[in-house]
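Sequence lines, in order, name chains A and B.
Residue numbers are given in the working numbering: position 99 of the first sequence equals residue 100, and the series is strictly consecutive.
Residue numbers are given in the working numbering: position 13 of the second sequence equals residue 589, and the series is strictly consecutive.
None of these hints come from the bench; they were simulated from the model.
On the chain A side, residues computed to face chain B include the following (Cβ under 8 angstroms):
| hint | residue |
| --- | --- |
| 1 | R207 |
| 2 | P208 |
| 3 | G211 |
| 4 | I212 |
| 5 | A213 |
| 6 | V215 |
| 7 | G217 |
| 8 | S218 |
| 9 | S220 |
| 10 | A224 |
| 11 | Y225 |
| 12 | G226 |
| 13 | P229 |
| 14 | Q230 |
Note that the structure is predicted; figures quoted are calculated from it, not measured.
Heads up, the beta-carbon is just placed ideally off N, CA and C, and yes, glycines get one too.
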Amino acid sequence: MTDLPLAGDDAPRDAVAVFERHRAELRAARRVWTVIALGAFGLCLGLSVWVSQFYPDRLAAGLPRIFEYFGTILPDLRWDLLFEGRTAEGRAVPGSLTFWYADLWTYLELIWETILMAITATLLGAGVAFVLSFPAAANLAPNGRVYWVSRRFLELCRGIPEILLALVLVFMIGIGPLAGVIAIAIHTAGALGKLFAEVNENASPRPVEGIAAVGGSWSQQMAYGVVPQVAPNFFSYALLRFEINVRASSIIGFVGAGGIGQELNRVISFYSDDRVLAVLILVVLMVTIIDLVSERIRLAYIGRETPA
Amino acid sequence: MLRLDKLTRRFGDTTAVHAASLDIPDGQMVGIIGRSGAGKSTLLRLLNRLVDPSEGHITYGDTDVAALKGRELRAWRSDCAMIFQQFNLVGRLDVLTNVLTGRLHEMPPWRAMAQVFTPRERAFAIRALDRLGMAHTALQRAETLSGGQQQRVAIARALVQEPRILLADEPIASLDPLNARIVMDALRDINRRDGITVICNLHTLDTARQYCDRIIGMQAGRIVFDGTPDLLTTQMAREIYGAEADAAFDETATSTALAPSAARQRVPA
Numbered sequence: 002m003t004d005l006p007l008a009g010d011d012a013p014r015d016a017v018a019v020f021e022r023h024r025a026e027l028r029a030a031r032r033v034w035t036v037i038a039l040g041a042f043g044l045c046l047g048l049s050v051w052v053s054q055f056y057p058d059r060l061a062a063g064l065p066r067i068f069e070y071f072g073t074i075l076p077d078l079r080w081d082l083l084f085e086g087r088t089a090e091g092r093a094v095p096g097s098l099t100f101w102y103a104d105l106w107t108y109l110e111l112i113w114e115t116i117l118m119a120i121t122a123t124l125l126g127a128g129v130a131f132v133l134s135f136p137a138a139a140n141l142a143p144n145g146r147v148y149w150v151s152r153r154f155l156e157l158c159r160g161i162p163e164i165l166l167a168l169v170l171v172f173m174i175g176i177g178p179l180a181g182v183i184a185i186a187i188h189t190a191g192a193l194g195k196l197f198a199e200v201n202e203n204a205s206p207r208p209v210e211g212i213a214a215v216g217g218s219w220s221q222q223m224a225y226g227v228v229p230q231v232a233p234n235f236f237s238y239a240l241l242r243f244e245i246n247v248r249a250s251s252i253i254g255f256v257g258a259g260g261i262g263q264e265l266n267r268v269i270s271f272y273s274d275d276r277v278l279a280v281l282i283l284v285v286l287m288v289t290i291i292d293l294v295s296e297r298i299r300l301a302y303i304g305r306e307t308p309a
Numbered sequence: 577m578l579r580l581d582k583l584t585r586r587f588g589d590t591t592a593v594h595a596a597s598l599d600i601p602d603g604q605m606v607g608i609i610g611r612s613g614a615g616k617s618t619l620l621r622l623l624n625r626l627v628d629p630s631e632g633h634i635t636y637g638d639t640d641v642a643a644l645k646g647r648e649l650r651a652w653r654s655d656c657a658m659i660f661q662q663f664n665l666v667g668r669l670d671v672l673t674n675v676l677t678g679r680l681h682e683m684p685p686w687r688a689m690a691q692v693f694t695p696r697e698r699a700f701a702i703r704a705l706d707r708l709g710m711a712h713t714a715l716q717r718a719e720t721l722s723g724g725q726q727q728r729v730a731i732a733r734a735l736v737q738e739p740r741i742l743l744a745d746e747p748i749a750s751l752d753p754l755n756a757r758i759v760m761d762a763l764r765d766i767n768r769r770d771g772i773t774v775i776c777n778l779h780t781l782d783t784a785r786q787y788c789d790r791i792i793g794m795q796a797g798r799i800v801f802d803g804t805p806d807l808l809t810t811q812m813a814r815e816i817y818g819a820e821a822d823a824a825f826d827e828t829a830t831s832t833a834l835a836p837s838a839a840r841q842r843v844p845a
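When you get a sec, could you build the whole thing from the sequences and use the hints?
Below, the structure written as structure tokens:
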């Protein structure tokens with residue numbers, strides 16, 4: 002094998018020279034864009050620090066106050082009385098767990114209500130998201146107008162914060178879990194609808210074409226050609242959304258829309274004592290357990306659907 | 577009789593099919609040959625309206641196929657079955673359901689959406705699968721089958737449509753020689769026994785010569801040859817294939833060049 006000339010007499014026409022020149026140009030252009038992007042990023046970061054007044058000294062000054070607050074909500078437990086039951090008159094002894102968690106059953110009932118709210122809202126929202134994800138997928142939409150309308154509708158649904166929706170709904174239909182469920186369901190429809198539509202856009206067009214070729218209608222093309230392909234992803238995203246919704250429904254009670262948040266709000270505003278911590282511990286426990294269980298289900302399902 | 581009259585399809589600046597006029601009598605087995613990008617695939621897709629024509633007419637009997645819409649268009653597609661190079665089955669559905677989708681057009685909408693099939697429909701689908709030697713895979717997911725098996729399932733799906741015309745878009749281009757022969761034999765059997773018109777895009781000349789009553793040659797969107805296999809001279813074929821001629825003629829170079837079914841021992845396994 003002979004050595005290839007790196008830059009012969011006809012340098013401009015030599016393949017290597019042309020390539021090197023092209024590469025140098027490309028790299029130079031890329032460098033310029035990298036510098037511009039970094040500059041823009043730095044500017045935005047500085048601006049957001051200034052606007053939000055995120056200064057270290059403020060944070061340092063606030064930090065002790067956080068612990069101060071935690072001091073006020075710590076329960077006054079006494080080791081010798083910790084497992085003391087109620088007295089003959091039915092009173093709990095101060096310093097015992099029974100005293101701290103005197104309202105345990107109320108809390109548990111509300112936690113149960115919170116989980117049910119999350120389940121209902123996820124099912125409702127996922128249902129709407131499922132139906133709209135097909136017209137909202139660029140590759141599947143029957144025409145541009147339907148695509149535009151369903152996209153904008155989903156944006157509207159997820160654009161309004163849940164807590165704001167809940168506030169309005171509490172005014173409309175009154176205090177209670179129904180307002181919370183509807184608020185979370187609307188937000189879920191918007192968020193899941195976008196994710197579902199993106200899954201649909203990645204579906205293979207071949208089965209869809211196959212169903213079109215047998216004379217299948219648009220909805221049949223979706224049901225037979227697309228749904229089997231995307232179902233595992235839909236399921237996984239819906240479970241993930243359920244986890245998010247459990248957290249959302251424990252907060253949404255702050256505006257009177259049901260669930261444990263309502264109680265949390267009450268104990269914070271009226272007592273600000275150890276009852277706040279009692280509720281907080283239960284909320285954290287609930288969210289953690291739901292996350293763990295849901296993740297287990299999701300992984301088991303994905304493992305079954307995609308064999309190695 | 578399927579009649580194309582100056583059928584044209586443009587994609588932007590390129591004309592994929594240019595003023596194609598053809599008469600295809602019922603029951604013929606037609607092979608369309610030509611190099612890649614000659615417009616074979618577009619022509620076939622125009623016939624079942626997966627692609628809409630830019631100009632010209634398609635008529636079948638007294639049906640104006642190019643003007644069909646909605647339910648009538650779906651009825652035409654149901655009458656005019658199609659099999660694809662990449663099979664286009666629903667991989668995650670089982671084989672039986674894939675075949676049953678061939679009945680979708682005949683089913684009431686609620687049953688179609690709920691995927692409820694009658695025992696009669698199931699029996700019909702199983703018979704079609706059995707004819708292709710695939711009944712034993714009925715409850716497997718389609719994606720677990722080999723390419724040749726998937727193409728046979730796709731033919732079974734086309735059969736349960738009870739079509740009058742069967743379009744095949746490069747049906748053997750993704751298959752090994754043995755499976756290619758099984759598929760082509762099946763298409764010829766459907767043509768001979770059921771009297772269904774078969775219109776088949778083929779990349780290789782020998783397959784077309786061997787299986788088809790009539791060969792149509794396409795070049796750059798135009799029909800440049802139309803006649804029986806013995807009228808297709810080597811000179812003509814070279815013209816149709818251009819630079820790809822050697823690949824299309826050389827039996828050892830292409831996996832889809834088939835030996836006659838009678839001489840099985842010549843087919844490399």
